[in-house]
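I would like the entire structure built from these sequences, with the hints used as guidance.
Chain order of the listed sequences is X and B. In terms of the working numbering, the first sequence opens at residue 1 and continues consecutively. In terms of the working numbering, the second sequence opens at residue 1001 and continues consecutively.
In short, the hints are calculated from the structure, not lab data. Don't take each hint at face value.
Unchecked claim - Reference listing, derived: stretches of chain B covered by chain X, where coverage requires no fewer than 3 residues with Cβ under 8 Å from a Cβ of chain X: (1) 1036-1043; (2) 1103-1111.
As the list claims (entries may be wrong) - Taking CB as the label site, the calculated pair distances span: (3) Arg1098/B x Glu76/X: 43 to 51 Å; (4) Thr1112/B x Pro40/X: 16 to 24 Å; (5) Pro10/X x Glu1068/B: 34 to 42 Å; (6) Pro10/X x Gly1072/B: 16 to 24 Å; (7) Gly9/X x Leu1055/B: 28 to 36 Å; (8) Lys68/X x Arg1009/B: 19 to 27 Å; (9) Gly9/X x Glu1044/B: 17 to 25 Å; (10) Gly9/X x Thr1112/B: 23 to 31 Å; (11) Thr12/X x Ala1053/B: 43 to 51 Å; (12) Thr1020/B x Ser14/X: 40 to 48 Å; (13) Thr1020/B x Val82/X: 34 to 42 Å; (14) Glu1083/B x Glu69/X: 44 to 52 Å; (15) Asp1063/B x Glu76/X: 15 to 23 Å; (16) Arg1098/B x Thr12/X: 25 to 33 Å.
Ideal Cβ placement from N, Cα and C applies to all residues, glycine included.
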Amino acid sequence: GDSVTQMEGPVTLSEEAFLTINCTYTATGYPSLFWYVQYPGEGLQLLLKATKADDKGSNKGFEATYRKETTSFHLEKGSVQVSDSAVYFCARSPTGNQFYFGTGTSLTVIP
Amino acid sequence: DTGVSQNPRHKITKRGQNVTFRCDPISEHNRLYWYRQTLGQGPEFLTYFQNEAQLEKSRLLSDRFSAERPKGSFSTLEIQRTEQGDSAMYLCASSSERGTDTQYFGPGTRLTVL
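So this is what it looks like as structure tokens:
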């Protein structure tokens, strides 16, 4: 069935390292794709989104490109900061009324 | 726009008690969603309203769970006869019918059942 699968964590990086968090989806049709971020003790915040194939979402130095051919929406950042430490969730828009989130990837950035 | 708000932020209850959580969505949003999130997991969809109509409730975890949105504005989620397994974060989100179904989340209500 339709779902979202993302890279398991936790991920630990040094400051200024390159980040990739993988996300793939299965879907009937062409969903919109999202990355949400959850900082410690806070709710989920929308980080970026893409609504159609080849779209690139970007925000706060993070980017993700909607790849229909590989059904992927990998999150990348060229140089992470300590303040990027959080849990990142990949998500897709609904089929019918069913909404899908990945299990989350915890990122810790050390100085 | 003050965002999605949820009350209470924390609830501690004894097993067997009933609890009710409230969600106030962004004012112009007509869609409202409830999710449950357990430690180390992503949000698990529970139910969904468009205005006052509950369009999906088959994912509610059991008949002890119910949700209402009587006037199409705020919503309540009730859990009757709570069990220790109900301990989790309960998240509310809202969205506009137009656009890409981008959901905006509240801070959540953390439930602890003793």
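Each hint, compared with the structure:
Here's how the stretch 1036-1043 of chain B fares: 4 of its residues keep a CB closer than 8 Å to some CB of chain X, so the rule of at least three is met and the hint holds. For the stretch 1103-1111 of chain B, the assignment as covered by chain X holds, since 6 residues bring a beta-carbon within under 8 Å of that chain's beta-carbons and 3 suffice. Checked against the hint of 43 to 51 Å, the C-beta distance between Arg1098/B and Glu76/X comes to roughly 29 Å, which is inconsistent with it. One distance hint, 16 to 24 Å for the beta-carbon pair Thr1112/B and Pro40/X, holds here, with the actual separation near 18 Å.
At about 38 Å, the beta-carbon gap between Pro10/X and Glu1068/B stays in the expected band of 34 to 42 Å. In this structure, Pro10/X and Gly1072/B break the distance hint of 16 to 24 Å, their C-beta atoms being roughly 41 Å apart. As the Cβ distance of Gly9/X to Leu1055/B is approximately 34 Å, the hint placing it in 28 to 36 Å holds. Distance hint check for Lys68/X and Arg1009/B: the Cβ-Cβ separation is about 40 Å, which falls outside the suggested range of 19 to 27 Å.
Separation of Gly9/X from Glu1044/B is about 18 Å and conforms to the stated range, judged on CB atoms against 17 to 25 Å. Separated by about 25 Å at the C-beta atoms, Gly9/X and Thr1112/B satisfy the suggested range of 23 to 31 Å. Range check, Thr12/X to Ala1053/B: about 45 Å between beta-carbon atoms, so the 43 to 51 Å window is met. Take Thr1020/B and Ser14/X: their Cβ atoms lie about 46 Å apart, and the range 40 to 48 Å holds.
For Thr1020/B and Val82/X, the hinted distance range of 34 to 42 Å is satisfied, since their beta carbons lie about 39 Å from each other. A C-beta distance of roughly 45 Å is found between Glu1083/B and Glu69/X, which places it inside the suggested range of 44 to 52 Å. At roughly 44 Å, the beta carbons of Asp1063/B and Glu76/X sit outside the given window of 15 to 23 Å. A hinted range of 25 to 33 Å for the beta carbons of Arg1098/B and Thr12/X is inconsistent with their spacing of about 40 Å.
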